Amino acid sequence: AQKVTQAQTEISVVEKEDVTLDCVYETRDTTYYLFWYKQPPSGELVFLIRRNSFDEQNEISGRYSWNFQKSTSSFNFTITASQVVDSAVYFCALSEARTGTASKLTFGTGTRLQVTL
Amino acid sequence: GAVVSQHPSRVICKSGTSVKIECRSLDFQATTMFWYRQFPKKSLMLMATSNEGSKATYEQGVEKDKFLINHASLTLSTLTVTSAHPEDSSFYICSARGGPYTEAFFGQGTRLTVV
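Read top to bottom, the protein sequences are chains A and B.
Numbered per my numbering, the first sequence spans residues 28 to 144.
Numbered per my numbering, the second sequence spans residues 33 to 147.
Don't read these hints as lab results, they were simulated from the structure.
Bear in mind that the values here come from a model prediction, so they are computed numbers and not experimental data.
Any given hint might turn out to be false.
BS3-like, lysine-lysine: derived pairs with alpha carbons at most 27 Å apart [as the list claims (entries may be wrong)]: (1) 73(B) / 96(B); (2) 65(A) / 73(B); (3) 30(A) / 46(B); (4) 73(B) / 30(A); (5) 43(A) / 73(B); (6) 87(B) / 73(B); (7) 74(B) / 30(A); (8) 87(B) / 65(A); (9) 98(B) / 46(B).
Just need the whole structure built from these sequences, with the hints factored in.
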């Protein structure tokens, strides 16, 4: 069975601080995808990144960066120079990469990030 | 990116009535759609997976007769909460994927309140 653990329930930082959101996953599949989503107060889920299990290169997109380490089954997300608009709940998710059908996402419990002035 | 539209965004209904929630993929064909339920300050729990033209696959513990899912076309799936009760009040979110190697795009969610 798949499992995603986000141990940090809530994080509070002051604007311009860097913050890292942790994600640890469990799966028996050799091929899988990892995702991060942002859920602002409005409720919709905003897609941030998808990472293939074969691609362990770190990725940077503006103030966002992701550190994928297969050896520790972790896919951590760092926001550099955080801003108030980053305040949201962030979900890490995992899906199998089966052929023929699109697989469901298994979500972590989410980390609520509060960025204050 | 791809757009998934979910409607309505909010609905209040009386106990005992049924409510239909629509999920549409606007610019791609969604071979698979997923319906999730989210309780306040909780994670998303998958309710069911629907593939176009076939019956939905429900997760364990989800009543298929209560939560009717229809995926009649490649761009539309509907979730009907039948005989709604206050405990069905929740945030329901759909997602759609064009294929197994694509990201899942989510609708805006529907906040259902049963009074």
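Cross-check of the supplied hints:
| no. | hint | in the structure |
| --- | --- | --- |
| 1 | 73(B) / 96(B) | 25 Å, holds |
| 2 | 65(A) / 73(B) | 14 Å, holds |
| 3 | 30(A) / 46(B) | 37 Å, violated |
| 4 | 73(B) / 30(A) | 19 Å, holds |
| 5 | 43(A) / 73(B) | 26 Å, holds |
| 6 | 87(B) / 73(B) | 31 Å, violated |
| 7 | 74(B) / 30(A) | 15 Å, holds |
| 8 | 87(B) / 65(A) | 30 Å, violated |
| 9 | 98(B) / 46(B) | 16 Å, holds |
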